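Asker: Sequence:
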Amino acid sequence: MWLKIDFVTEVPSYLEKINEILMRHASALKNPGLFHGKMGISLYFFYLARHTKNPDHQNFAETLLDEVYEYIQNNKTTCGFADGLAGLAWAIIHLIENGFVEADADEVLSDADDQIYFHLHQTLDINFGFPEGLLGYLNYVVAKISWRRQSGLDSDFVFERLLTDLWNRASIAIEDKRWRSSEPPFFNLNWDLPLLLVVLGQTMSLHFYENKLSKIIRILNPLVLSCFPYYHANKLYLSYSITQVLKSFDLPAWKRHADMIREEADLPLLLGRELGDKNIFLSNGLAGVSFISQELGHAFFTKIKHQTDITEKILQSQYFHSITGGDPDMTADLGLLNGLTGIGFLLLLRG
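When we follow the numbering used here, the leftmost residue of the sequence shown carries the number 1, and every step to the right adds one.
No false leads were mixed into what you were given.
Think about it this way: if two alpha-carbon atoms lie no more than 20 Å apart in a straight line, the pair counts; the simulated SDA-like pairs of lysine to any residue are: (1) Lys53 / Ile96; (2) Lys212 / Ser171; (3) Lys30 / Asn338; (4) Lys278 / Leu15; (5) Lys255 / Leu296; (6) Lys215 / Ile174; (7) Lys278 / Asp309; (8) Lys177 / Leu124; (9) Lys177 / Pro131; (10) Lys177 / Phe128; (11) Lys255 / Pro222; (12) Lys177 / Asn127; (13) Lys215 / Asn168; (14) Lys212 / Phe157.
The calculated label-pair distances, taken between Cβ atoms and stated as ranges, are: (15) His321 / Phe186: 17 to 27 Å; (16) Gly325 / Tyr230: 28 to 38 Å; (17) Gln150 / Ser27: 25 to 35 Å; (18) Asp114 / Tyr209: 22 to 32 Å; (19) Leu206 / Pro55: 32 to 42 Å; (20) Arg149 / Gly325: 43 to 53 Å; (21) Pro185 / Asn54: 41 to 51 Å; (22) Ala103 / Asn75: 15 to 25 Å; (23) Leu349 / Gln150: 15 to 25 Å.
Worth flagging that the hints you see were computed from the coordinates, not collected in a lab.
The model shown is predicted, which means the values in this text are computed figures rather than measured ones.
All C-beta atoms in this analysis are idealised placements derived from N, C-alpha and C, irrespective of residue type, glycine included.
Taking the hints into account, I'd like the entire structure generated from these sequences.
Answerer: Now the structure itself:
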């Protein structure tokens with residue numbers, strides 16, 4: 001059993017160490033992206049600045065955002081979500097919607113939108129997944145349409161047509177089984193089935209193309225109801241994703257299945273055997289499990305003792321101490337998905 005941590009005094013010091021490393025090294029990153037580069041770190045520092053009221057954190061967030069913008073103006077950038085234009089554009093909309101920056105998303109993103117649209121129009125063979133595929137593009141297009149509606153703007157025919165086209169492509173891929181529906185051999189946020197369900201729920205909230213989405217739900221019904229993940233972290237992930245669909249669809253059998261999966265998730269086994277010393281990040285480990293369990297709501301909070309066990313294991317990880325303690329043989333990944341930024345977000349939300 002790991003040593004107990006005094007969260008009142010020690011967590012702020014861990015967060016400060018992470019912030020110090022990020023502020024020292026982030027500007028040197030060449031990757032502008034959301035998942036592994038500067039945009040994800042910028043997003044984190046905007047949230048950090050709102051929490052700390054520290055102008056240095058605000059200035060750093062804005063500096064990174066400016067560097068991202070300068071990069072994409074002067075360099076060819078991919079269009080996918082993970083580290084391309086779709087993810088960058090999604091992040092900018094998120095910052096605007098949450099009051100971190102004041103801007104007109106249509107104006108700021110006009111060039112990026114044109115490039116994304118042209119890429120999707122010209123490229124017929126796009127994979128299904130989230131980082132570079134249909135699910136990531138759908139996530140951005142849904143966010144853009146949602147922002148326009150919340151801003152009281154007229155419907156964007158081009159983007160609504162694009163949303164229709166993307167779901168038509170996704171539907172064909174699902175029926176042809178050209179996607180990763182089966183459970184991966186470890187906890188992995190990049191699992192197509194839960195990601196698909198989350199994006200389905202988001203799209204349905206727009207009340208757009210509902211007949212097609214209902215058809216996809218019917219196709220998925222036997223698959224979802226027969227899926228019972230082996231890994232406890234994946235149990236939580238699938239249960240969470242089903243709840244996102246249930247916000248827009250009345251599916252009693254799905255609700256019962258999600259509840260059953262969640263009840264079978266065993267936190268002691270997850271912490272003790274399933275996720276090891278190096279499984280601490282958002283993409284494949286404890287930080288990802290922490291975010292998922294928070295989204296599952298208060299009832300699950302009680303079960304996991306308000307995230308204390310998860311956070312404690314991350315902070316007591318020898319791997320975490322190696323990458324934050326100046327070990328010359330360790331290079332810290334700074335990114336949101338596989339690095340310190342994701343852990344920083346976790347600690348910040350604890351505060």
